[in-house]
Amino acid sequence: ARPDGSIAVTLSGEAMKARAHEALSQSVEIVRRRIDATGAVDPQISVSGPDRIVVNLPGISDPERVKALLGTTAKMTFRLLDPNASPNAPPPPGVTLLPMQDNPNEKLPVRDHVDVDGGDLTNAQAGQDGQTGQWAVNFTFDNAGAREFADVTRANLGKRFAIVLDNKVISAPVIQGVIPSGSGQITGSFTAQSATDLALLLRAGALPAPLAVIEQRSIGPELGADSIRAGAISLGVGLVLVMVFMVLFYGLFGLYADFALVLNLVLMLGILSLFEATLTLPGMAGMLLTLGMAVDANILINERIREEVKRGRTALAAMQAGFERATGTIIDSNATALLAHVMLFVFGSGPVKGFALTITIGIVTTLFTTLFVSKMLMVGWYAAKRPKTLPV
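Quick note: the sequence shown, position 73, residue 73 per our numbering, numbers continuous.
It should be emphasised that the hints constitute simulated quantities derived from the structure, not laboratory data.
Just so it is clear, CB atoms sit at the ideal spot from N, CA and C, and this is done for glycine as well.
Please note that the accuracy of each hint is not assured.
Said to hold, decoys possible - With a cut-off of at most 27 Å between alpha-carbon atoms, the simulated DSSO-like pairs for lysine-lysine come out as follows:
1. K375 x K385
2. K375 x K310
3. K168 x K107
4. K310 x K385
5. K168 x K75
6. K17 x K75
7. K107 x K75
8. K375 x K388
9. K107 x K159
10. K310 x K388
11. K67 x K159
12. K75 x K159
Stated by the list, open to error - Have a look at the derived ranges for each label pair, beta carbon to beta carbon:
13. L157 x N123: 21 to 29 Å
14. P90 x V346: 46 to 54 Å
15. Q176 x A37: 29 to 37 Å
16. Q320 x N56: 49 to 57 Å
17. F347 x N103: 38 to 46 Å
18. G127 x Q176: 18 to 26 Å
19. I271 x Q185: 35 to 43 Å
20. N105 x V47: 51 to 59 Å
Could you build the full structure based on these sequences and the hints that come with them?
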């Protein structure tokens with residue numbers, strides 16, 4: 001204890017290391033949440049040494065925005081303004097002059113005491129104000145934060161309440177009434193992008209310590225060209241081998257299945273391009289796995305048709321029965337896989353998320369090409385030829 005009544009606590013070296021390690025782990029998790037919220041595909045986040053975080057982001061079109069998101073601590077507090085302090089005079093004890101975010105030359109006397117902490121926020125979403133049409137951020141507190149927010153607004157009607165982010169005042173509205181719901185709105189000179197970014201930061205949480213960008217490098221795609229080329233070759237070789245297998249085992253119907261496989265691949269690439277997704281090795285692995293699943297579905301259909309032919313059914317009846325018997329199994333298996341990969345996409349991160357996205361798209365295209373395109377080709381061939389036997 002000190003003579004003035006305060007207490008000084010000195011941490012040991014081991015305790016300091018433990019706190020630093022904890023802060024680093026928390027920072028990595030928050031950085032990961034912020035990166036995932038931007039929609040980045042296959043981000044790689046790792047720790048380098050005792051105090052550095054390395055972030056690799058392929059295919060990022062706006063690196064400055066990402067750097068700003070990572071460099072913002074996003075420590076939000078709600079504090080009352082001192083009505084007796086003057087912005088043009090030295091502030092009294094317990095009050096600090098903080099600049100406005102949209103006008104740094106304008107400073108407001110904000111009390112140091114934090115009335116409500118932004119750590120109690122449970123959600124934040126960007127939106128447009130219903131009356132002014134201006135962009136704003138709508139937020140919601142948890143139960144404890146909602147009670148504190150209601151108590152503060154009840155006890156300070158008519159006073160100005162500053163919303164402070166990293167020691168800058170975003171806005172300082174006058175408390176017009178009690179807010180018991182725990183929900184509020186942050187207004188200011190927001191654009192759609194800045195409101196979205198602020199909501200993203202609030203949802204991801206505040207960093208336990210500021211992050212400084214000490215190095216930024218842009219690496220050309222040619223450095224990863226060899227890996228992508230090798231992946232493309234393996235994908236092509238696998239596709240050719242599968243196509244040859246289908247023709248050898250199932251003849252003309254195998255050729256129709258090959259056409260459906262190629263169309264499946266084209267559709268996957270088209271949808272990924274539509275989403276502006278980056279083609280990565282996990283994504284290519286997902287494509288190869290999807291083609292394998294599509295082949296399984298086509299084999300199942302052809303084997304069912306063979307079984308019906310062996311039972312003595314006519315060509316048309318065998319085709320119809322084969323598709324009917326196989327469709328339920330194909331839908332069930334793909335629905336199960338779809339659910340699993342949607343969960344991977346929602347809760348995963350980095351390469352896992354890219355892999356899950358590719359598989360999810362591939363399952364949808366597989367169902368379309370297998371149950372619709374293949375069937376359409378077979379039925380069209382039968383209508384034109386009217387064969388007595390089937391080429392399976």
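Against the structure, the hints come out as follows:
A distance of roughly 15 Å separates the Cα atoms of K375 and K385; the hinted pair therefore holds under the 27 Å criterion. For the hint pairing K375 with K310, the CA-to-CA distance comes to about 20 Å; that is within 27 Å, so the pair holds. Of the supplied pair hints, the one linking K168 and K107 holds, its CA atoms being roughly 9 Å apart against a limit of 27 Å. Taking the CA atoms of K310 and K385, the gap is about 21 Å. The hint holds against a cut of 27 Å.
A threshold of 27 Å between alpha carbons decides the hint, and for K168 with K75 the separation of about 10 Å falls inside it, so the pair holds. Using a Cα cut-off of 27 Å, the hinted pair K17 and K75 holds, with the two alpha carbons roughly 23 Å apart. For the hint pairing K107 with K75, the CA-to-CA distance comes to about 19 Å; that is within 27 Å, so the pair holds. Distance check on the hinted pair: K375 and K388 sit about 18 Å apart at the alpha-carbon level, within 27 Å; holds.
Our distance criterion of 27 Å between C-alpha atoms is met by K107 and K159, whose separation comes to about 17 Å. About 14 Å separates the Cα atoms of K310 and K388, which keeps this hinted pair within 27 Å; it holds. Among the hinted pairs, K67 with K159 is inconsistent with the structure: their alpha-carbon atoms are about 36 Å apart, more than 27 Å. As the CA atoms of K75 and K159 are separated by approximately 23 Å, the hinted pair is consistent with the 27 Å bound.
Roughly 26 Å separates the CB atoms of L157 and N123, a value that falls within the hinted 21 to 29 Å. At roughly 52 Å, the beta-carbon separation of P90 and V346 lies within the given 46 to 54 Å, and the hint holds. At roughly 32 Å, the beta carbons of Q176 and A37 sit within the given window of 29 to 37 Å. About 52 Å separates the C-beta atoms of Q320 and N56, a value consistent with the hinted range of 49 to 57 Å.
Separated by about 42 Å at the C-beta atoms, F347 and N103 satisfy the suggested range of 38 to 46 Å. In this structure the supplied range 18 to 26 Å holds for G127 paired with Q176, their Cβ-Cβ distance being about 20 Å. Against the hinted window of 35 to 43 Å, the Cβ-Cβ separation of I271 and Q185 comes to about 37 Å, which satisfies the hint. Against the hinted window of 51 to 59 Å, the Cβ-Cβ separation of N105 and V47 comes to about 40 Å, which falls outside the hint.
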